[in-house]
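*Asks:* One rule links them: number in this note's numbering = place in the sequence shown (from 1) + 166.
I should point out that these hints are in silico values taken from the structure, not numbers from a laboratory. Cβ atoms here follow ideal geometry from the backbone N, Cα and C, with glycine treated the same way. Certain hints may be false.
[Said to hold, decoys possible] Derived CB-CB ranges, DEER-like:
#1 Cys196 to Ala225: 20 to 30 Å
#2 Ala233 to Cys196: 35 to 45 Å
#3 Asp174 to Phe214: 17 to 27 Å
#4 Gly170 to Gly200: 36 to 46 Å
#5 Glu243 to Glu205: 39 to 49 Å
#6 Asp187 to Asn231: 27 to 37 Å
#7 Phe214 to Asp182: 13 to 23 Å
#8 Glu205 to Ile173: 14 to 24 Å
#9 Asp187 to Phe237: 39 to 49 Å
#10 Ile241 to Leu221: 19 to 29 Å
#11 Lys224 to Pro246: 18 to 28 Å
#12 Phe237 to Lys209: 32 to 42 Å
#13 Asn208 to Gly170: 13 to 23 Å
[What the hints assert, rightly or not] DSBU-like, lysine-lysine: derived pairs with alpha carbons at most 35 Å apart:
#14 Lys228 to Lys211
#15 Lys228 to Lys240
#16 Lys206 to Lys223
#17 Lys201 to Lys224
#18 Lys240 to Lys223
#19 Lys240 to Lys224
#20 Lys206 to Lys228
#21 Lys201 to Lys223
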Amino acid sequence: MENGIAIDTLHAQLLDLSRHDEYGFEELRCQDWGKANSEKYNKLKSNFIRSMRRLAKKAPVKYYNGAYYMFNGKIYEAVPK
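Using the sequences and the accompanying hints, generate a full structural model.
*Replies:* Have a look at this one:
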């Protein structure tokens, strides 16, 4: 998989995944977060970090033995750096 195609594919897949309700990103996009370190800001930041961790677990790119791999529909292919 060429670099440009890999990046475009990954970007599209991550955007699609981030729109699922299970991650809760939509509620984070639609609010004013307030001032840094306020109670509301810290709560939203915590929710964002939790959502990012859930998204990372489902991400189509994996890291193993010093290399990144993307699923092409059949197998995981190494992605050139």
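*Asks:* Enumerate the violated hints, using their earlier numbering and listing them in ascending order.
*Replies:* 8, 9 and 13
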